[in-house]
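Top line first, the protein sequences correspond to chains A and B. Count the first sequence with our numbering and you get residues 88 to 732, in order. Count the second sequence with our numbering and you get residues 24 to 538, in order.
Treat the hints as calculated values from the structure; they're not laboratory data. Here the structure is a predicted model, which is why all the values come from computation and not from measurement. Cβ coordinates follow ideal geometry from the N, Cα and C atoms, glycine included. Do not take every clue at face value.
Residues from chain A that face chain B, not an exhaustive set, calculated with beta carbons under 10 Å [said to hold, decoys possible]: (1) Gly108; (2) Ile110; (3) Gly238; (4) Leu239; (5) Asn256; (6) Phe277; (7) Leu278; (8) Asn661; (9) Ala662; (10) Lys666; (11) Leu676; (12) Asn690; (13) His694; (14) Trp698.
Calculated cross-link-like contacts (lysine-lysine; reagent style PhoX-like; alpha-carbon spacing at most 20 Å) [as the list claims (entries may be wrong)]: (15) Lys136/B / Lys202/A; (16) Lys396/B / Lys113/A; (17) Lys53/B / Lys251/A.
Listed below are the residues making up each chain.
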Amino acid sequence: MELNIVRYILIFPLLGFLVNGFIGSKLGNKAVGWIASITVLLSLSISVYVFIQLLSMPPDARLITDTVYTWINSGSLTIDFKLMVDPLTAVMLLVVTGVGFLIHIYSIGYMHGDKSYSRFFAYLNLFMFSMLLLVLSSNIVLMFVGWEGVGLCSYLLIGFWYEKDSAANAGKKAFITNRIGDYGFLLGLFLLASAFVSKGIFTLDFNTMAAHISLISPQVLTIVGILLFVGATGKSAQLPLYVWLPDAMEGPTPVSALIHAATMVTAGVYMIARMNFLYVLAPTALEVVAVVGGLTALYAATIGLVQNDIKRVLAYSTISQLGYMFMAVGVGAFSAGIFHLMTHAFFKALLFLGAGSVIHALSGEQDMRKMGGLKNKIPVTFAVFLAAALAISGIPGLSGFFSKDSILAAAYASGHTVIWLLGFITALLTAFYIFRLIYMTFYGESRVDKHAAEHIHESPKVMTIPLIILAVLSVIGGYVGVPQLLGNIVGWHNSDLFVNFLAPVFHTMPEHEMSVSTDSWLMIGSITMAFLGVFFAWYVYLKEKMQPAKHAAESFAGLYRLLLNKYYVDELYNAIVIKPLMWISEFFLWKIFDVWVVDGTVNGSAHVTQWASTKLRKIQAGDFQVYVMLFLIGAISVLAYFVLR
Amino acid sequence: MGFQENLLSIIIFLPLLGVLFGAFINKDNKSAIKWFTLIVSLIEFIVSLFLVIHFDSSSVGMQFTEKYTWIPVYNIDYRIGIDGLSLLLILLTTFLTPLVLLGSWTYIKKREKEYYLWFLVLETGMIGVFASLDLILFYVFWEAMLIPMYIIIGVWGGPRRIYAAVKFFIYTMFGSLLMLVAIIYLYFAYGAQTGTYTFDLLKLYNLSLPLSTQIWLFAAFALSFAIKVPIFPFHTWLPDAHVEAPTGGSVILAGVLLKMGTYGYMRLAMPLFPIAANAFLPYLAVLAIIGIIYGALVAMMQPDIKKLVAYSSVSHLGLVILGLMALNIESVDGAVLQMINHGLSTGALFMLVGMLYERRHTRELSEFGGIAKTMPVFATIFMIATLSSIGLPGLNGFIGEFLILIGSFFARPIYAVFAGTGVILGAVYMLRTYQKVFWGKITNKANEDLKDLSAREIIVMIPILIMIVWIGVYPKPFLNIIHNASESYIQYVKPQAAPIHDQQSTVPQMPERLK
């Protein structure tokens, strides 16, 4: 069905960007914040409308398109500016506009008093536009426009406080790291395009590609799948390109919540889900996705165990949770990956915004060693934070439980026992580091600086109301995807609404049957891990007042330092890539090769000519025109040779 | 004589006519000179838009052709005409010239009258090059255009301007004399084969020469254009010329003059000598790729912003050459579009660097830092030019880069694998520069009270920004203009019949000589 209202989902945030970007500073902060938020609210409303339209259609025909114009038309390629909404897009639209809207509202309060208020909201609207373009695109090239657009906004917003060198560096690092990933992505795109073009298919439309994917050889699909995934490791911060995300915390906290937790960083997961028709035929590529996802999940969680900056803990947690999502899509459980993407958007956005509220209350303090005992001083923040922490830990009944459980079940059922084990261990670590954060921040004695302590205050309503809404979503958001195992207990058939809704989009992998008892045991296992993690955190950080942590840090000093310094990966990249490249460029290529060899040859031949011409002084009048004349005579002699020979 | 029949001639000579009238203006009446030349160049731009209105993008071959006998003894004619390639390059010229003139108003502080009039002379020369269809006429314009640029660098340039100007002149002259010899050889060879002697380019396309001869002739043309582009390793005149040239000179040099090299490949060297071209093609592609990576790496370490942009041009034009060598519609469309894009983005960057130089009289990166705070409008415009230069999707640079890379991938995947690293390196050197100039705290006192752009400076930048966004968002009109020129080029150069993935091709039959 063609529905031209879809484009307005994009147009409103774009208008907001233009208005705030051009005349925002003259409008006054109040107007700026509300204009930005209302444009997103409008996008949200249209998204809901489109979603309802979609539901009214028969499940197998749920597709709404909106062709705007032909964008690129060259040779064999035609790339349309065409939007499409299918169930997968619809889920993404609701998450992006919904969470996006709440974060816009929150930002009105959080950014209050910043001197670049209108610039902030202009960027935020531009981000919404780009992210929505990314999920609405009906072809892979247009998706890449959104893909790069969100990268740009991420860069601009990480470097928002550009006067801070650390922020400026972090912004640049994010953009360049992403570009490395994009290089892989582009090569994958080119390979895919040339494969289709050679079969006479001149469009890179997702649905057209899906219909003809069987024409392409599995080897090509495998390489394409891996190359596209390289792009995803950049955008979604997976091994080995995750290094930009922790630094990205230099951006304002609402940005961390919106871009670096809930939406942009999940683009890689979305991309793989969108390209599922390709990945199901490229099992090796999927295997790579699953392994990288699993390793990243565990790896980032271990770093998260020892970080002291509240936002850094959440950053590593995000990397780790994204690893879960890749694990899911990597074992072919696309719905589970997207399900976790959604619940994670709720609780991780909430954790970041909650952290922002804590930071706000403490006049900018981010070090958890200087927090503690905030439970009663900022009760609303505490309550919502606790809800999010329980959700991410996978405590039964909350959203994270359902999505994480479906990932682990799928990993196990598909025979990826090692991947499952990685996820299983990570579940323990997740609960541990997040409750470590809770206990260090909200419980125990206050370690807050005297000066900051005097100013502790709960955030204004404009901030707390979005928090409360997100808390509600974090708690109940999982009930749209209750596993059938649990649904059966209460006699609810088709309890897994989420999977059923998305089913028409995904090309299924071979089904893996699992006995009810295995499934139950798995679930009990992961619940146990969650509670164990919470218990350990409670024991170490509350009951024993961090003493065991100190002992552990002392007795395993090497390991502790390794984790604290994030496995020295930044230092490693610096030493083996950045420094040598700069050295070669500066000294070898520029100062030796370019100046001496190339230009030296040019000037040298000039000098030889000059030396020769001093010997021929008699015909040299020192006049430029004479040189030209001589050249011409020479030319004519050559000419004469050819004519007369 | 009628407006439409002679439209192209009018466009070529209108600036020169302006010079004739402008010569009567008192040299001390500076504002009269400035306004007069600006208005002439604006009229020129408006007249050039008539080309677009009357251009038929569906027809193959040259349009707006004119022919007058010039030197009948040698059958040298005044023969002009344009296709989509020439059209866009002429428009780029007439578009950039008024902006450059207006942009120079406060930059040039001596001998203003000569400066502005030389620019109009230059404009005639540049348009003449893109419109000539007679090789001698082409050569005359080609050389004629060197003189004003030589003078602009040599008189209004920086401290080492004489060195840079002479290097620019001699280097280019060296190449073009080789070309002249080749042109004259062609004349006689065609005469020997057909009995008629002519410099008519379109006729010479049909000449068939043995490989051994083609190789020498191709080498002469190719070297001449390689210096102009410049293709690695003939690029070292470029950073010197740019660093010393006044802002206006740099903008035109990078924006238009370098395109004459790529234009020369597409219009002359490759289609005139297809057999040799195919033999040299892989080597040129490799040099282009080396240029892409090498230019970017060297740009990355430059302490002088202008030098950095100059090396980045080596990188960008390497991409254009690669597109021309990959020989498919996508890559050639992309290459032509990228010629325009580079003119816009690098033109904008040189313009902006010039504005900074006017304020601080230095271009050393280390002198700056944190000026986004004092010059927010400038910082924003610079950011857009930067993003255009690094090929951000949604802006013009992406369309060109994407088409060139995907086309070269179709030709040979390995080309795109190497050339694609430019995508990463471009971001590295541009963002590094941006950070050093605009971000961080203001550490240098001299930057504390820099004035943001004036209304005039903003007016200079806005048209370029509009084009940057337009081509990025809706490139179709431009691609339509380019399309037939790309197809003809491929038909002339490509040894086999119709290109592999092009069924809807509407190009005439293969030239006889290749069968």
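Outcome of the hint check:
Because the smallest distance between the Cβ of glycine 108/A and any Cβ of chain B comes to about 9 Å, under 10 Å, the interface hint for this residue holds. With its C-beta approaching chain B no nearer than about 13 Å, isoleucine 110/A sits outside the 10 Å limit, and its interface hint is violated. Given the 10 Å rule on beta carbons, the hint for glycine 238/A holds: about 9 Å separates it from the nearest Cβ of chain B. At a threshold of 10 Å, the smallest CB-CB gap from leucine 239/A to chain B is about 6 Å, leaving the interface hint in force.
A distance limit of 10 Å between C-beta atoms decides the matter here; for asparagine 256/A the minimum to chain B is near 8 Å, and the interface restraint holds. Interface hint at phenylalanine 277/A: satisfied, since its Cβ lies 4 Å from the closest Cβ of chain B, which is below the 10 Å cut-off. Taken as an interface hint, leucine 278/A checks out: its beta carbon lies about 7 Å from the nearest beta carbon of chain B, inside 10 Å. Below 10 Å, beta-carbon pairs count as interface contacts, and asparagine 661/A has none with chain B, the closest being about 14 Å; its hint is therefore violated.
Here the hint on alanine 662/A is broken, as its CB sits about 17 Å from the closest CB of chain B, past 10 Å. A cut of 10 Å between beta carbons decides the hint on lysine 666/A: the least distance to chain B is about 13 Å, and the hint is violated. Taking 10 Å as the C-beta contact cut-off toward chain B, the hint placing leucine 676/A at the interface holds, the least distance being around 5 Å. With a cut of 10 Å, the hint placing asparagine 690/A at the interface with chain B holds, because the nearest CB-to-CB distance is about 8 Å.
Using the Cβ-Cβ criterion of 10 Å, the hint placing histidine 694/A at the interface with chain B is not satisfied: the shortest such distance is roughly 12 Å. Interface restraint check: tryptophan 698/A against chain B, minimum CB-CB distance 15 Å, threshold 10 Å, status violated. With a C-alpha separation of about 46 Å, the suggested pair lysine 136/B and lysine 202/A falls outside the 20 Å cut-off, and the hint is violated. At roughly 17 Å between alpha-carbon atoms, lysine 396/B and lysine 113/A fall within 20 Å of each other, so this suggested pair holds.
Between lysine 53/B and lysine 251/A the CA atoms are separated by roughly 45 Å; this puts the pair beyond 20 Å, and the hint is violated.
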